[in-house]
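Chain by chain, the residues run as shown.
Number of protein chains: 4
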Amino acid sequence: MINNRIENLKQEVFEANIELVNQGLVIYTWGNVSAIDRESGLVIIKPSGVDYDVMKASDMVVIDLEGTIIEGKYKPSSDTPTHLAMYKEYDTIGSVVHTHSEWATSWAQARRAIPVYGTTHSDYFYGDILCTRELSKEEVNKDYELNTGLVMIQTLKENNKNPLELPGLIISNHGPFSWGETSQKAVHNAKVLDEIAKMAYRTEMLNPNIQPVNKYLLDKHYLRKHGASAYYGQVK
Amino acid sequence: MINNRIENLKQEVFEANIELVNQGLVIYTWGNVSAIDRESGLVIIKPSGVDYDVMKASDMVVIDLEGTIIEGKYKPSSDTPTHLAMYKEYDTIGSVVHTHSEWATSWAQARRAIPVYGTTHSDYFYGDILCTRELSKEEVNKDYELNTGLVMIQTLKENNKNPLELPGLIISNHGPFSWGETSQKAVHNAKVLDEIAKMAYRTEMLNPNIQPVNKYLLDKHYLRKHGASAYYGQVK
Amino acid sequence: MINNRIENLKQEVFEANIELVNQGLVIYTWGNVSAIDRESGLVIIKPSGVDYDVMKASDMVVIDLEGTIIEGKYKPSSDTPTHLAMYKEYDTIGSVVHTHSEWATSWAQARRAIPVYGTTHSDYFYGDILCTRELSKEEVNKDYELNTGLVMIQTLKENNKNPLELPGLIISNHGPFSWGETSQKAVHNAKVLDEIAKMAYRTEMLNPNIQPVNKYLLDKHYLRKHGASAYYGQVK
Amino acid sequence: MINNRIENLKQEVFEANIELVNQGLVIYTWGNVSAIDRESGLVIIKPSGVDYDVMKASDMVVIDLEGTIIEGKYKPSSDTPTHLAMYKEYDTIGSVVHTHSEWATSWAQARRAIPVYGTTHSDYFYGDILCTRELSKEEVNKDYELNTGLVMIQTLKENNKNPLELPGLIISNHGPFSWGETSQKAVHNAKVLDEIAKMAYRTEMLNPNIQPVNKYLLDKHYLRKHGASAYYGQVK
Chain W
10 MINNRIENLK
20 QEVFEANIEL
30 VNQGLVIYTW
40 GNVSAIDRES
50 GLVIIKPSGV
60 DYDVMKASDM
70 VVIDLEGTII
80 EGKYKPSSDT
90 PTHLAMYKEY
100 DTIGSVVHTH
110 SEWATSWAQA
120 RRAIPVYGTT
130 HSDYFYGDIL
140 CTRELSKEEV
150 NKDYELNTGL
160 VMIQTLKENN
170 KNPLELPGLI
180 ISNHGPFSWG
190 ETSQKAVHNA
200 KVLDEIAKMA
210 YRTEMLNPNI
220 QPVNKYLLDK
230 HYLRKHGASA
240 YYGQVK
Chain R
10 MINNRIENLK
20 QEVFEANIEL
30 VNQGLVIYTW
40 GNVSAIDRES
50 GLVIIKPSGV
60 DYDVMKASDM
70 VVIDLEGTII
80 EGKYKPSSDT
90 PTHLAMYKEY
100 DTIGSVVHTH
110 SEWATSWAQA
120 RRAIPVYGTT
130 HSDYFYGDIL
140 CTRELSKEEV
150 NKDYELNTGL
160 VMIQTLKENN
170 KNPLELPGLI
180 ISNHGPFSWG
190 ETSQKAVHNA
200 KVLDEIAKMA
210 YRTEMLNPNI
220 QPVNKYLLDK
230 HYLRKHGASA
240 YYGQVK
Chain H
10 MINNRIENLK
20 QEVFEANIEL
30 VNQGLVIYTW
40 GNVSAIDRES
50 GLVIIKPSGV
60 DYDVMKASDM
70 VVIDLEGTII
80 EGKYKPSSDT
90 PTHLAMYKEY
100 DTIGSVVHTH
110 SEWATSWAQA
120 RRAIPVYGTT
130 HSDYFYGDIL
140 CTRELSKEEV
150 NKDYELNTGL
160 VMIQTLKENN
170 KNPLELPGLI
180 ISNHGPFSWG
190 ETSQKAVHNA
200 KVLDEIAKMA
210 YRTEMLNPNI
220 QPVNKYLLDK
230 HYLRKHGASA
240 YYGQVK
Chain Z
10 MINNRIENLK
20 QEVFEANIEL
30 VNQGLVIYTW
40 GNVSAIDRES
50 GLVIIKPSGV
60 DYDVMKASDM
70 VVIDLEGTII
80 EGKYKPSSDT
90 PTHLAMYKEY
100 DTIGSVVHTH
110 SEWATSWAQA
120 RRAIPVYGTT
130 HSDYFYGDIL
140 CTRELSKEEV
150 NKDYELNTGL
160 VMIQTLKENN
170 KNPLELPGLI
180 ISNHGPFSWG
190 ETSQKAVHNA
200 KVLDEIAKMA
210 YRTEMLNPNI
220 QPVNKYLLDK
230 HYLRKHGASA
240 YYGQVK
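Residue numbers (the working numbering), protein chains in the order written: chain W, 10 to 245; chain R, 10 to 245; chain H, 10 to 245; chain Z, 10 to 245.
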């Protein structure tokens with residue numbers, strides 16, 4: 010029973026990793042997707058440094074929340090401790106995605122949060138797409154990947170953000186992370202984040218004095234798609 | 010008889026929605042096309058939040074000009090009241106298109122009209138591609154999608170524009186709408202609008218002091234393709 | 010005998026027009042290629058406003074140097090007088106290409122020549138890619154397309170340029186023209202011109218104080234590929 | 010025995026040249042790959058000016074380290090002396106790649122080194138991607154391609170760089186060179202270099218005051234993938 014769920018999740022995580030390539034968010038080994046089976050506490054994650062064009066669903070690595078390998082012939086992604094920190098802190102998250110997608114990474118390298126410049130952003134992210142502070146030398150030298158997860162959590166908490174309402178952020182100097190209830194949604198959010206990053210860049214070039222949208226427009230767009238009063242899409 | 014026309018229009022609207030994806034103007038559910046059968050007053054529109062890769066012609070929703078569903082198992086696009094406002098105001102319009110295409114949306118987020126910087130623009134749009142004013146809190150909170158249509162109409166009227174001579178504009182903070190006599194033309198105009206937006210962006214980067222083209226050049230290009238003196242293309 | 014040559018040239022011009030689309034230089038009907046058979050003085054050119062996806066080799070229009078249609082069921086491109094002006098002035102030119110390719114058109118709209126910023130430019134264009142002056146109201150209102158050709162010739166002559174050494178330029182407010190001994194070379198030059206325009210744009214963004222390359226570097230690159238001392242490529 | 014190795018290397022160099030096109034780094038004949046068989050001292054290189062779409066593995070040219078053609082019906086790439094200079098100076102290099110890839114070439118034309126703005130850069134290049142000084146008139150007029158190689162070596166040496174730790178640089182006014190232990194790695198580095206160049210460009214546009222990353226972050230990322238303490242990827 011667990012095995013069936015885990016096998017399905019391995020297939021799902023594999024496909025989500027491939028979708029990152031198909032969506033133009035990842036080249037070579039520059040990204041990874043994980044997902045968690047909350048009942049068993051097992052996490053499925055991409056193996057480290059394996060090329061996408063030879064990777065198979067059976068190559069996905071099964072670990073527990075402490076990072077111990079439960080099944081799989083490969084080492085898990087070197088970013089594993091970052092993923093696990095998010096799963097431990099937020100039990101609403103079912104999948105975590107990391108990429109070096111070109112536009113979001115440019116904002117990361119500029120060490121800037123992405124302001125809410127329009128309704129595309131408002132449809133998905135309920136506020137600025139935050140940018141973490143830079144890690145200290147100590148945080149980088151010891152437990153770097155864990156500290157990357159901790160600084161994401163710190164950033165969300167200091168800004169009083171529910172991670173499902175802000176399903177992604179930017180790691181300073183590095184690139185974006187996104188998440189969601191499922192790996193499909195987490196990858197979708199990774200794509201949306203990069204599109205928003207691209208349009209925000211061009212918005213600033215076209216109007217260097219541009220200000221974020223009014224709170225009431227953000228509310229309207231976010232809440233017509235999410236939460237109790239949503240009226241976008243079909244009734245589930 | 011009506012049924013035949015409506016079935017054909019459903020197929021046409023379906024294909025026009027798919028063409029938005031093929032032209033790179035829409036990802037996920039970020040766009041919609043509608044068309045009107047003027048004789049019956051029935052409007053065909055994309056269903057809300059249905060993925061393009063599973064959508065079929067039979068999923069198109071048939072509504073009347075008040076938005077009442079006449080046929081279809083899905084809810085119509087949440088932007089339906091915007092489309093209907095345009096059909097009611099302008100009886101020359103046969104199809105309306107909305108996208109979040111990347112370049113036009115960047116101008117929308119910058120809250121700027123696109124000046125006429127060249128002949129590509131002049132071949133299709135007889136003047137600046139206008140940008141609507143921002144909606145007030147009241148306009149957003151109540152009847153938002155209707156008010157989006159009304160502010161388009163207000164913008165066209167205040168600038169004395171015939172919608173067929175300016176077959177698209179930009180909604181402040183949001184993205185472009187375009188239209189035409191047929192859905193093929195409306196989608197064509199959506200593509201052209203985004204190309205113009207892209208080249209206008211780069212024009213300003215290359216020459217921050219650039220001014221719009223002379224009125225006589227705009228006239229020449231627009232009128233050699235449109236109206237009684239047109240000589241571009243083949244005799245119909 | 011003439012007929013054979015003309016039929017071959019129709020096929021060649023057709024394929025060159027399609028190649029513009031394949032190279033990403035043209036969408037819809039935004040471009041045209043012509044070629045001349047010097048012995049008979051006949052010119053083959055794309056018909057006006059015919060979509061690329063339905064166009065056939067047999068749709069190409071055969072005209073003489075005065076623009077009289079010799080063969081073909083369609084009207085020739087509305088830019089025909091521009092092409093003919095170039096063939097009449099320069100008997101070394103075998104083919105002319107016009108596009109609204111996105112980067113070159115942005116420079117055209119910025120009304121700027123493209124300075125020689127590197128060796129890619131120097132490999133093909135022996136000097137700045139010139140930008141024509143703006144046409145006067147009179148020149149636009151009467152014989153606009155002919156005057157577009159004349160201002161190209163004026164620009165080349167005033168700058169003492171041999172058209173085969175500068176196989177393309179930019180029409181102010183409009184877009185690029187390119188040419189060559191054959192339609193393959195003219196299309197090749199259209200593609201190169203757009204790539205150069207793209208990289209020159211980014212060069213200026215990265216270094217607003219950048220200056221053109223030294224004359225000795227331009228000479229080296231242009232002359233190692235062209236003329237008596239060329240040593241690039243294979244011996245013909 | 011030598012013949013077998015050389016035949017394999019010809020196939021490998023051919024495929025690496027094609028991969029440049031597939032990765033979008035080269036159009037037309039704007040690039041070349043070579044590789045060396047260290048035991049025999051023979052170098053395989055792309056022929057000069059041969060189109061990629063007709064090129065075959067058997068067209069690759071075999072030369073010795075002095076540039077003498079050992080096998081092959083074509084002239085080798087005109088950039089051959091640049092490649093040979095690198096092989097002679099650095100015996101750890103197994104393959105050299107040259108392209109005019111669009112982003113790296115824009116930095117080359119701007120005559121600027123690419124600062125280390127993030128972890129993508131740090132994962133591959135252990136420091137700024139250097140830009141060579143401009144060549145003098147004498148260096149261009151005589152032995153230009155050799156001098157291009159020599160100025161690369163000068164640049165690496167003056168900055169105390171091990172070429173395997175900085176597997177690429179930018180030739181002022183020209184474009185990038187990259188290298189690696191194998192042709193696959195050298196092409197991989199060419200792609201990475203262009204991606205880094207693209208994101209660095211956008212980083213500066215988003216934040217004109219941006220500074221390079223801290224040395225401890227560069228160390229962390231470079232050293233977790235390279236050298237004795239690497240822990241990224243799978244154990245070989």
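Since the hints were derived computationally from the structure, they do not count as laboratory data. It is possible that some hints are incorrect.
Because identical chains cannot be distinguished in the list, a pair is counted as satisfied if it fits within a single copy or across any two copies.
Claimed, not checked - Straight-line alpha carbon distances no greater than 27 Å define the calculated DSSO-like cross-link-like pairs of lysine-lysine that follow:
#1 Lys170 / Lys65
#2 Lys194 / Lys65
#3 Lys84 / Lys229
#4 Lys166 / Lys84
#5 Lys84 / Lys194
#6 Lys151 / Lys194
#7 Lys146 / Lys194
#8 Lys170 / Lys194
#9 Lys166 / Lys146
#10 Lys166 / Lys82
Going down the list of hints, with the structure as the test:
1. Lys170 / Lys65: neither (36 Å within a copy, 38 Å between copies)
2. Lys194 / Lys65: Both: 21 Å inside a chain and 23 Å across chains, each within 27 Å.
3. Lys84 / Lys229: For Lys84 and Lys229, the Cα distance is within 27 Å only across copies (19 Å; inside one copy 45 Å).
4. Lys166 / Lys84: neither (31 Å within a copy, 37 Å between copies)
5. Lys84 / Lys194: Both: 25 Å inside a copy, 22 Å across copies.
6. Lys151 / Lys194: neither (32 Å within a copy, 30 Å between copies)
7. Lys146 / Lys194: neither (34 Å within a copy, 31 Å between copies)
8. Lys170 / Lys194: within (18 Å within a copy, 42 Å between copies)
9. Lys166 / Lys146: Within one copy only: 23 Å inside a chain, 29 Å across chains, cut-off 27 Å.
10. Lys166 / Lys82: So Lys166 and Lys82 fail the 27 Å test inside a copy (36 Å) and across (42 Å) alike.
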